[in-house]
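Student: Sequence:
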Amino acid sequence: MVAVGLKELKTHLSAYVAKAKSGEHVIITERGEQVAELAPLSPERQALLRLVAEGKAVWNGGKPQSFPSIPVKGMPISETVVEDRGPR
Numbered sequence: 847m848v849a850v851g852l853k854e855l856k857t858h859l860s861a862y863v864a865k866a867k868s869g870e871h872v873i874i875t876e877r878g879e880q881v882a883e884l885a886p887l888s889p890e891r892q893a894l895l896r897l898v899a900e901g902k903a904v905w906n907g908g909k910p911q912s913f914p915s916i917p918v919k920g921m922p923i924s925e926t927v928v929e930d931r932g933p934r
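Mapping the sequence shown onto the numbering used here, position 62 (from 1) lands on 908, and the numbers just tick up by one.
Calculated directly from the structure, the hints in this document are not laboratory data. Just so we're clear, the structure is a prediction, and the values are computed from it rather than from any experiment. The C-beta atom is built at its ideal place from N, Cα and C for all residues, glycine as well. Hints may be right or wrong, so weigh each one.
Stated by the list, open to error - Ranges of calculated distance between the beta carbons of each label pair, as one might list FRET restraints:
#1 M847 / V928: 48 to 56 Å
#2 A864 / G901: 26 to 34 Å
#3 Q892 / S915: 30 to 38 Å
Said to hold, decoys possible - 27 Å max Cα-Cα, derived BS3-like pairs, lysine-lysine:
#4 K909 / K867
#5 K867 / K902
#6 K919 / K902
#7 K867 / K853
#8 K865 / K853
My request is simple: use the sequences and hints to build the entire structure.
Tutor: If you want it as structure tokens, here you go:
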């Protein structure tokens, strides 16, 4: 892990991005205080990007949306399970 001030980061941004790309974490400081971190992509994001590149997934870069509620007729599933189990 390496720490770098904003001025140094601006001047040599490509070098610090290369460090992060190679797996190193770069702590960004402002007036000596740690304010942010430049880090490599997470294994999960790398896997997702690989699936997109292989055509096995589609992703627009945004956060996943929750699934819409699907109205279900009848009893809640928990009651159905209890009923199906019968008397004990």
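Student: Which hints from the list above does the structure break, by number from lowest to highest?
Tutor: The structure conflicts with hint 6 only, although it agrees with all the remaining ones.
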